[in-house]
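Student: Residues per chain, in single letters:
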Amino acid sequence: MTKITHLTLDVLKPHQPDIVEFATRLAAHGTGSAVTIQLLEMDEQTESLEVRIDGDDIDYEGIKNTIGALGGSLHSVDCITVDVKSKS
Amino acid sequence: MTKITHLTLDVLKPHQPDIVEFATRLAAHGTGSAVTIQLLEMDEQTESLEVRIDGDDIDYEGIKNTIGALGGSLHSVDCITVDVKSKS
Amino acid sequence: MTKITHLTLDVLKPHQPDIVEFATRLAAHGTGSAVTIQLLEMDEQTESLEVRIDGDDIDYEGIKNTIGALGGSLHSVDCITVDVKSKS
Amino acid sequence: MTKITHLTLDVLKPHQPDIVEFATRLAAHGTGSAVTIQLLEMDEQTESLEVRIDGDDIDYEGIKNTIGALGGSLHSVDCITVDVKSKS
Amino acid sequence: MTKITHLTLDVLKPHQPDIVEFATRLAAHGTGSAVTIQLLEMDEQTESLEVRIDGDDIDYEGIKNTIGALGGSLHSVDCITVDVKSKS
Amino acid sequence: MTKITHLTLDVLKPHQPDIVEFATRLAAHGTGSAVTIQLLEMDEQTESLEVRIDGDDIDYEGIKNTIGALGGSLHSVDCITVDVKSKS
Amino acid sequence: MTKITHLTLDVLKPHQPDIVEFATRLAAHGTGSAVTIQLLEMDEQTESLEVRIDGDDIDYEGIKNTIGALGGSLHSVDCITVDVKSKS
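Chains as they are written, first to last, in the numbering used here: chain S, 1 to 88; chain F, 1 to 88; chain C, 1 to 88; chain P, 1 to 88; chain E, 1 to 88; chain V, 1 to 88; chain A, 1 to 88.
These aren't lab readings, by the way, just hints derived from the structure by calculation.
Positions of the beta carbon are idealized from the N, C-alpha and C atoms, including for glycine.
Some hints could be false.
[Stated by the list, open to error] Calculated cross-link-like contacts (lysine to aspartate or glutamate; reagent style DMTMM-like; alpha-carbon spacing at most 20 Å): (1) A:Lys64 with V:Asp56; (2) C:Lys85 with C:Asp54; (3) F:Lys85 with S:Asp56; (4) V:Lys3 with P:Asp54; (5) A:Lys3 with V:Asp56; (6) C:Lys3 with C:Asp54; (7) P:Lys85 with P:Asp56; (8) P:Lys85 with F:Asp59; (9) C:Lys3 with E:Glu21; (10) P:Lys3 with F:Asp59; (11) E:Lys3 with A:Asp18; (12) A:Lys85 with A:Glu41; (13) V:Lys64 with V:Asp78.
[What the hints assert, rightly or not] If we take Cβ atoms under 10 Å as the criterion, some of the chain P residues that face chain V in the derived model are: (14) Asp18; (15) Leu26; (16) Thr36; (17) Gln38; (18) Lys64; (19) Lys85.
[What the hints assert, rightly or not] FRET-style restraints, in silico, Cβ to Cβ: (20) S:Asp56 with E:His15: 39 to 45 Å; (21) S:Gly68 with C:Gly68: 31 to 37 Å; (22) F:Glu50 with E:Asp18: 47 to 53 Å; (23) A:Asp59 with V:Gln16: 19 to 25 Å; (24) C:Leu70 with F:Glu50: 41 to 47 Å; (25) E:Gly62 with C:Asp59: 23 to 29 Å; (26) V:Gln45 with F:Leu40: 43 to 49 Å; (27) V:Asp57 with S:Glu50: 27 to 33 Å; (28) S:Glu50 with E:Lys3: 45 to 51 Å; (29) E:His15 with S:Leu74: 26 to 32 Å; (30) A:Lys85 with E:Asp59: 34 to 40 Å.
Bound-form chain S, shown alone:
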């Protein structure tokens, strides 16, 4: 079984919803995970974010959909870690 245990995402979002709500909504997708968002740049309309997600089994599709539903766009997956557990 392969599981995603880390993602670093490059995300652009409008000012609303704010970064605190954005992080809370993304975090709601996992169990036993943590979402850390760093504000890289802010201009009049948008914010550039580095979103780092650590977890036991990250739901990438769910994360991607939530970013879109919150008005953000996922520019790139800058880092991903996939762990392999033995099948037993």
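Given the coordinates of chain S, assemble chains F, C, P, E, V and A onto it according to the supplied hints.
Tutor: Here is chains F, C, P, E, V and A on its own, set in the frame of chain S:
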């Protein structure tokens, strides 16, 4: 359940109340948390602060209100970590 | 017995399959290993990746074949660690 | 209960009392704490110091008064950490 | 008794045998050791490698001979650690 | 009780006694301490040293006198740590 | 009792004996110690080395004599640590 466990805030405040009282007032919002304030820049009227808050469950709204009540303004949330605990 | 326990690979790939699927497919080659892919550069047609693989006994030939099967090309092996276990 | 557990102070002092006595006098204000003073710059009349104080419950007013009593002046509090312990 | 426990070697080699076989062959000289090879530079004919070897008792002569047998040349020993164990 | 547990000293000394004897003589002043001397600059007549002393209770006056007795001069105390132990 | 527990030496030596033999010969002077030699620069006739020695009680005179006997010259002692053990 999602809980905010880290905040880095970019804050501007007047010289009074001083940084020691400012930190003590912000710290009073949490239990089991720590507030670290670093003075980034000081000019005639104001001080730029980096406020770092670590805790088990940070009350972001309360922090934001207290900054305002002390005459400061919250420029941006530069970093946030949200942890997810299993619901059981 | 010698076993490969780390590889850092310089890989070029087209945009599809995306980096998440790419990592998952490479990870499926090992047991007890982890694959971390960092996006170094992206242009119109291709993505430059640094692929880091850690494991107890990495199947280099399998990794190389899978990269090719996914449309990628392995430019170089930038780092390799080989461990020696006693034969008993 | 909030308690100050770290202070970084920017202090200017005359050459006398020397840095060793200065540190010893500041340290006498706390229990279970440590005072580290780094000499940043020395000119003909004065010395610029970075004073770092770690402790369980730092007496900021006492520190401030002692600096003044020793002929020094506290330019700014460059870093402060306030810990919150549960009230029980 | 003195034993070599670390070597960093500056090695030049032709493209064949590849870096994976090269590392595996060097590793076969020791027991309980690890060989890490980093590719520093690659041109049309040759590859510059930094070869790091850690072990309990590294066979330097054997390593040197194997590098030669594989068509490589040892430019310099850039770092060496020799441990001394008491004779009892 | 306050005790000096660290000193970083900026010292100038003639070439004789050499740095090894100099360190050994300074170390003889304490118990359970360590003296580390780094040579910063050497010219025809003198050597600039950074002298770092760690100990449970460093005898600053003794250190200062020994530096003078060995022909050196103490330019400045660049760092000092004073620990406070509870009086019980 | 004072004992030398670390030395960093700046040494110049001819190409022969090579760095591996040089390190082995220096290491033979101590018990429970380690000698690490880094090659800093190599020209036609000589090699500049940084020799780091860690041990419980380093025999500085013996080290110095061996460097000379191997055709090297000790330019400077760049770092020395002397530990003080209580006499009991």
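Student: Now, for every hint given, state plainly whether the structure supports it.
Tutor: Results of checking the hints against the structure:
no., hint, in the structure
1, A:Lys64 with V:Asp56, "violated (32 Å)"
2, C:Lys85 with C:Asp54, "holds (17 Å)"
3, F:Lys85 with S:Asp56, "holds (12 Å)"
4, V:Lys3 with P:Asp54, "holds (15 Å)"
5, A:Lys3 with V:Asp56, "holds (18 Å)"
6, C:Lys3 with C:Asp54, "holds (11 Å)"
7, P:Lys85 with P:Asp56, "holds (11 Å)"
8, P:Lys85 with F:Asp59, "holds (16 Å)"
9, C:Lys3 with E:Glu21, "holds (11 Å)"
10, P:Lys3 with F:Asp59, "holds (19 Å)"
11, E:Lys3 with A:Asp18, "holds (16 Å)"
12, A:Lys85 with A:Glu41, "violated (38 Å)"
13, V:Lys64 with V:Asp78, "holds (14 Å)"
14, Asp18, "holds (7 Å)"
15, Leu26, "holds (8 Å)"
16, Thr36, "holds (4 Å)"
17, Gln38, "holds (5 Å)"
18, Lys64, "violated (18 Å)"
19, Lys85, "violated (19 Å)"
20, S:Asp56 with E:His15: 39 to 45 Å, "holds (42 Å)"
21, S:Gly68 with C:Gly68: 31 to 37 Å, "holds (33 Å)"
22, F:Glu50 with E:Asp18: 47 to 53 Å, "holds (49 Å)"
23, A:Asp59 with V:Gln16: 19 to 25 Å, "holds (21 Å)"
24, C:Leu70 with F:Glu50: 41 to 47 Å, "holds (44 Å)"
25, E:Gly62 with C:Asp59: 23 to 29 Å, "holds (27 Å)"
26, V:Gln45 with F:Leu40: 43 to 49 Å, "holds (45 Å)"
27, V:Asp57 with S:Glu50: 27 to 33 Å, "violated (48 Å)"
28, S:Glu50 with E:Lys3: 45 to 51 Å, "holds (46 Å)"
29, E:His15 with S:Leu74: 26 to 32 Å, "violated (39 Å)"
30, A:Lys85 with E:Asp59: 34 to 40 Å, "holds (38 Å)"
Checked against the numbered hints above, the structure violates hints 1, 12, 18, 19, 27, 29; every other hint is satisfied.
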